[in-house]
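Trainee: Assemble the whole structure, with the sequences as input and the hints as a guide.
Protein chains in written order, with the numbering used here: chain A, 8 to 151; chain B, 417 to 739.
Don't read these hints as lab results, they were simulated from the structure. Among the clues, some could well be false.
To be verified - Only some residues are given here: those of chain B computed to face chain A with a beta carbon under 10 Å:
1. E609
2. I622
3. D700
4. V721
5. F723
From the three backbone atoms N, C-alpha and C, an ideal C-beta is built for every residue, glycine too.
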Amino acid sequence: MSMNEFKPKIVAFCCNWCSYAGADLAGTNRLNYPADVKIIRVPCSCRVNPLFILRAFQRGADGVILCGCHPGDCHYTTGNYYARRRMTLLFSMLDYLGIEKERTRVEWVSAAEGAKFATVMNDFVKTVTELGENKRLEDLRCKK
Amino acid sequence: MQEMMKKRAKELLASGEVTRVIGWKKNEFDYDITPAVFTSAEEIDRDFIYDDFCGVNLSKFTFQHQKNDTKTLVFLKPCDSYSMTQLITEHRVDRNALYIIGVPSYGKIDVEKIKADGVTGILSITSEGGDVHVHTLYGDKTYAKYEVTSERCLNCKSKMHPTYDELIGFEGEVMETERFDEVAKLEAMTPEERFEFWRGELSRCIRCNACRNACPACTCETCIFDNNDSGVAQKAAADSFEENMFHIIRAFHVAGRCTDCGECSRVCPQHIPLHLLNRKFISDINKFYGDYQAGAEIGQRAPLVNFTKEDVEPDIVAKGGKA
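Mentor: Written out as structure tokens, the structure reads:
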């Protein structure tokens with residue numbers, strides 16, 4: 008592997024009850040997904056504030072993905088329904104400001120879907136790698 | 417109109433029904449109008465004004481100057497009335513401590529449009545019928561009123577007052593508007609064009625926070641932008657990221673609650689079209705979750721604190737954004 012090959016930084020917000028356990032299952036099943044994905048555990052997908060997503064981009068993320076329980080399966084009954092509305096509007100706004108819409112994604116991954124978790128992450132890392140570095144929404148002051 | 421309002425305000429003050437009056441006051445220039453609290457008939461006679469420059473939304477001022485132990489009279493234009501209804505819905509003001517008089521608005525003049533035409537040294541401006549006469553140090557000039565009417569009034573969404581105790585004038589109606597045309601025009605551009613457009617606009621931001629301070633939906637006592645640890649605290653705009661982030665978050669915090677009164681764009685000293693961000697959220701909410709007008713009636717549930725099981729998935733944006 009050459010030194011110059013682009014390795015994206017991906018932040019994955021995973022809800023404690025479904026997607027984080029799904030990631031765990033992917034691991035115990037020995038499924039491969041890129042090490043570029045940094046998982047941040049949140050109590051519920053609804054915990055994720057639009058500012059979190061922007062902050063991740065500020066600190067150098069090239070892509071941000073939010074994983075939660077499937078709608079209807081939320082541990083707190085309705086949290087992911089609110090997250091869904093919020094993220095739809097936020098992504099639409101980012102697109103409106105001309106930020107590449109492929110850099111953000113929401114996926115519903117249950118605790119039993121280790122395989123889906125690995126597929127989703129592989130696919131997302133591939134998409135973001137093709138897009139290249141995040142230039143439009145970066146904070147130069149946070150670059151080393 | 418102004419005389420009727422003055423008369424009614426003095427009557428209510430004299431009868432003891434209200435102890436304070438919130439209205440508009442003229443400053444040094446004709447076009448320089450500030451909100452003010454009046455407590456006596458003399459003050460009202462001297463300073464009270466209502467003309468085509470009274471664009472200030474009084475709901476935010478009322479929120480900041482409310483006193484729950486006495487009753488306050490406040491004059492509201494249709495725009496202000498929507499904002500006030502939203503504030504009452506959110507329990508930010510006490511409806512019982514307010515006496516609301518709805519007044520009509522026939523479109524407010526945007527003095528920036530006159531200044532942009534190269535007019536300097538303005539001594540006075542008078543608006544009569546359909547004409548606006550500008551008297552300057554270097555001579556006089558006359559405009560047709562529609563030429564200098566502010567953008568938000570040209571795209572007026574409603575002449576109706578959702579909340580009032582009494583009306584001066586008439587009860588208006590919700591209007592047909594083309595206010596989302598600009599948003600649609602931007603949506604039709606390529607992402608590169610949109611990015612360039614918004615960089616051009618937002619890079620002028622000086623982080624004065626006027627948009628936040630004037631916004632009737634921004635009523636948090638401690639604002640996230642005042643938190644030094646937030647990373648978006650007040651500072652000179654040193655980086656393009658922060659300008660983007662500030663404006664996305666500002667617009668997001670009022671999404672679903674913004675009544676589209678246009679104060680943010682009016683007060684912006686850099687003339688950034690901030691209403692286009694808010695209107696994007698409004699048009700998305702209309703498109704994805706059904707038509708919703710914040711502040712149209714007391715007790716509405718805002719779309720972002722509500723859901724249905726059949727809501728669209730966020731990937732609709734990546735697919736092209738059509739519901």
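Trainee: For each hint, tell me whether it holds in the structure or not.
Mentor: A quick look at each hint next to the structure:
1. A least Cβ separation of about 7 Å between E609/B and chain A falls short of the 10 Å threshold, and the interface hint therefore holds.
2. About 18 Å separates the beta-carbon of I622/B from the nearest beta-carbon of chain A, more than 10 Å, and the hint is not met.
3. With its C-beta approaching chain A no nearer than about 5 Å, D700/B sits inside the 10 Å limit, and its interface hint holds.
4. Given hint, V721/B at the interface with chain A, holds; its Cβ is 7 Å from that chain's nearest Cβ, closer than 10 Å.
5. Look at F723/B: its Cβ gets to within about 4 Å of chain A, closer than 10 Å, so that hint holds up.
Of the numbered hints stated above, the single one contradicted by the structure is hint 2.
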